[in-house]
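Protein sequence lines, in the order shown, are assigned to chains A and B.
Using my numbering, the first residue of the first sequence is number 85, and each one after it goes up by one.
Using my numbering, the first residue of the second sequence is number 448, and each one after it goes up by one.
Hints were generated in silico from the structure; no laboratory data involved.
Careful: at least some of the hints might be erroneous.
What the hints assert, rightly or not - Far from chain B by the CB rule (all over 10 Å, computed), these chain A residues:
# : residue
1 : Asn143
2 : Leu148
3 : Gly180
4 : Leu203
5 : Glu323
6 : Leu325
7 : Lys329
Claimed, not checked - DEER-style ranges, computed between Cβ atoms:
#  : chain 1 : residue 1 : chain 2 : residue 2 : range
8  : A       : Gln275    : B       : Ala729    : 51 to 57 Å
9  : A       : Lys109    : B       : Val576    : 38 to 44 Å
10 : B       : Leu487    : A       : Val204    : 55 to 61 Å
11 : A       : Ala106    : B       : Asn566    : 20 to 26 Å
12 : A       : Ala106    : B       : Gly577    : 35 to 41 Å
13 : A       : Asp270    : B       : Ser625    : 30 to 36 Å
14 : A       : His101    : B       : Ile737    : 52 to 58 Å
15 : A       : Lys109    : B       : Leu475    : 42 to 48 Å
16 : B       : Ser482    : A       : Gly339    : 46 to 52 Å
17 : B       : Ser625    : A       : Thr312    : 56 to 62 Å
18 : B       : Ile465    : A       : Asp113    : 52 to 58 Å
19 : B       : Pro579    : A       : Asp113    : 56 to 62 Å
20 : B       : Ala729    : A       : His217    : 47 to 53 Å
21 : B       : Pro460    : A       : Asp113    : 24 to 30 Å
Built from N, CA and C at the ideal position, the CB exists for glycine as well.
Listed here are the chains, written in short residue letters.
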Amino acid sequence: MSGEGPVGNGPILSVDHLTVTAKGKTLLDDISLDFASNSLTAVVGPSGCGKTTLVRSLNRMTELTPGLRVKGAVNYLGQNIYDRSVNPVLVRRRIGMVFQRPTVFPNSIYENAAFGLRLVHEEEGKIDIAVRHALTRAGLWDEVKDDLERPALSLSGGQQQRLCIARALAVRPRVLLLDEPTSALDPGSTQRLEETMEHLKEEMVLVLVTHNVGQAARVSDRVAFLHTGHLVEMGETEEILERPKDPLTQQFITGRFP
Amino acid sequence: MAAAGALVAELPPADVLIDRSARTRFRLGFDRAMSWLTPLLFLVAIVPILDMVYYISRKVVPTLTWNIITSTNPYQTDALGVPLQTTFYLIGLSTALAVAFGLLGGIATAELLPERWANVARTSANLLVGTPSIIIGYLGYLAFVLYFGWGLVFLSGAVTLSFFMTPYVFRTADLAFSSIPRHIREAALGNGAAPSQYILRVGLPIAFPQILTGVFLAMAIGIGETAPLVITMEPGVLVPSNVFSPAIVLTEVIWENFTSGEPLLVLKAFQAAFLLLVIVLALNVIVRVISARYQKRLEGLYQ
Ligand SMILES: Nc1ncnc2c1ncn2[C@@H]1O[C@H](COP(=O)(O)OP(=O)(O)OP(=O)(O)O)[C@@H](O)[C@H]1O
Ligand SMILES: [Mg+2]
Chain A
85 MSGEGPVGNG
95 PILSVDHLTV
105 TAKGKTLLDD
115 ISLDFASNSL
125 TAVVGPSGCG
135 KTTLVRSLNR
145 MTELTPGLRV
155 KGAVNYLGQN
165 IYDRSVNPVL
175 VRRRIGMVFQ
185 RPTVFPNSIY
195 ENAAFGLRLV
205 HEEEGKIDIA
215 VRHALTRAGL
225 WDEVKDDLER
235 PALSLSGGQQ
245 QRLCIARALA
255 VRPRVLLLDE
265 PTSALDPGST
275 QRLEETMEHL
285 KEEMVLVLVT
295 HNVGQAARVS
305 DRVAFLHTGH
315 LVEMGETEEI
325 LERPKDPLTQ
335 QFITGRFP
Chain B
448 MAAAGALVAE
458 LPPADVLIDR
468 SARTRFRLGF
478 DRAMSWLTPL
488 LFLVAIVPIL
498 DMVYYISRKV
508 VPTLTWNIIT
518 STNPYQTDAL
528 GVPLQTTFYL
538 IGLSTALAVA
548 FGLLGGIATA
558 ELLPERWANV
568 ARTSANLLVG
578 TPSIIIGYLG
588 YLAFVLYFGW
598 GLVFLSGAVT
608 LSFFMTPYVF
618 RTADLAFSSI
628 PRHIREAALG
638 NGAAPSQYIL
648 RVGLPIAFPQ
658 ILTGVFLAMA
668 IGIGETAPLV
678 ITMEPGVLVP
688 SNVFSPAIVL
698 TEVIWENFTS
708 GEPLLVLKAF
718 QAAFLLLVIV
728 LALNVIVRVI
738 SARYQKRLEG
748 LYQ
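Okay, chain A solo, but in the shape it has when bound (with noise of 0.2 Å):
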């Protein structure tokens, strides 16, 4: 299968009967979902349901974690990216990650923001281009443009947190997978990072994990909440938040969670 538009009318991203195990311990359950393009879908539920287990197994980087077991397929423009003949350094470079806390390299800005493309040695000329593009769309051009050579861990907290987001995009992903990116960040930064969300999610497909009802409500097209390793339910932002079918649901988004 060569070239990478969207198989039929086929989703980007989808997850089949996935079964994560740890020592025997079940971590998710069986979970099967489709994400749509151009959307963002909230990852949520109460702290150990396994959201983050859900999306590190979705390019592979459980294989990091020893002892962590992956049954059944998560399938990118249809190709199960569990398969053997897949390189999973193939399939991070299709799609990104932001982490929990900013994960900034101790090199310059520039550097950061050229880092994926530094691995596939694009050239000088592009990687300019792609450097200034990825920092705009990260909404941190403005901020940093007049000195690209500091050293990016003199930026504060937020700042650096979209530096992380500008070096996922340079490479441009079609899938973005961001596990509570703004849970260390202060409000202003928050609320930056989530109109950057907004921007980005008309063009791939984005996966945000967070254990704030509020900020699924703001940013997400759709929800898919986990419980205990389970998926319990999914839609639409507004039908799960506002008329949630499942007891739990509707404990967890009413805050009335243990």
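Got chain A sorted already, so can you dock chain B with the ligands onto it with the hints?
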């Protein structure tokens, strides 16, 4: 509300914050004793070293001439040019080997090997560090001098010495890579770096200052070694012209001459010791300067 009033009335005095238990008092006393003992122990350690440095320097400095240090003329019996240069070459080759194997092994252990094999590698390195140098020297003699048939030459000494230095490089490389914050590693791999790209582009620059310190430590230790070299090399008169020449290093000059009873030869031993001290001191200063410069870039990484 009445209950609240009662609670306030029953509140104990502020000294509930002060802990007078025997255990706490012992701990505080212990802390205080230690804060006095530490500088004292430091003195106990530093005084003999300073005394030795002073003793050697006083004896040697007035007798040193540029010619003694640089002359490689085999007929000038009081010259140290030959062992000095040979020491640099020998340490150079041993360090190159130790860095090659220690770095590869340490990085593989931290990044690539499954935990079980990594622990086997770590234990072996620790064993090697704990092995007396005379035994490593003897094994080197059996392996390189006899089995490989190289003879009592420069190469046998250099390779034997590198076995001695490798575990120090290995351990710092392993430790430096293992202590890189996990989220940095995950960010690199999660953004599409292959493991080798992570190691070269992200890991090495972060681990560099620590590894450098290990390499210089290994050099300083290697420079001070005598036993394995005495067994594996025949003392040379000249700076070795190739790796299969006989060779003599500074520590061997000390070893050969110190107990000779001949005042001129004893002085030669002292001069060699002085040069070793200067070299080791210089190594320490260099490593500090370089790693401080690199360390500065890492500020904020390990919040
Ligand atoms: N490597 C592992 N081995 C065993 N159990 C694990 C492992 N990783 C995670 N778990 C368990 O799996 C469950 C789900 O973890 P996960 O990190 O996905 O939760 P989460 O929904 O992201 O929680 P939070 O909101 O606190 O981040 C937890 O109960 C956790 O203890
Ligand atoms: Mg989590």
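Are Gln275(A) and Ala729(B) spaced within 51 to 57 Å by their CB atoms? With a Cβ separation near 56 Å, Gln275(A) and Ala729(B) satisfy 51 to 57 Å, so the hint holds.
Quick one: are Pro579(B) and Asp113(A) within 56 to 62 Å, going by C-beta? 58 Å, holds
Measuring Cβ to Cβ, find out whether Leu325(A) lies farther than 10 Å from everything in chain B. 30 Å, holds
With 52 to 58 Å as the target window, see if Ile465(B) and Asp113(A) comply at their CB atoms. 53 Å, holds
For Lys329(A), is the shortest beta carbon distance to chain B beyond 10 Å? The claim stands: Lys329(A) keeps its Cβ more than 10 Å from every Cβ of chain B (closest is about 34 Å).
Given the hint of 56 to 62 Å, check if Ser625(B) and Thr312(A) actually sit that far apart at their C-beta atoms. 33 Å, violated
Nearest-CB test (10 Å) between chain B and Leu148(A): 6 Å, violated
Beta-carbon spacing of Leu487(B) to Val204(A) - inside the hinted bounds 55 to 61 Å or not: The hinted range 55 to 61 Å holds for Leu487(B) and Val204(A), with Cβ atoms some 59 Å apart.
That 46 to 52 Å hint for Ser482(B) and Gly339(A) (C-beta), does it hold up? This hint holds: roughly 51 Å between Cβ atoms.
At the C-beta level, are Asp270(A) and Ser625(B) separated by a distance inside 30 to 36 Å? Taking Cβ atoms as reference, Asp270(A) and Ser625(B) lie about 33 Å apart, which means the hint holds.
Just tell me: holds or violated, for the beta carbon distance of Lys109(A) and Leu475(B) against 42 to 48 Å? 45 Å, holds
Using Cβ atoms and 10 Å as the threshold, tell me whether Gly180(A) really stays out of contact range of chain B. 6 Å, violated
The structure shown violates the earlier hints numbered 1, 2, 3, 4, 17 and 21.
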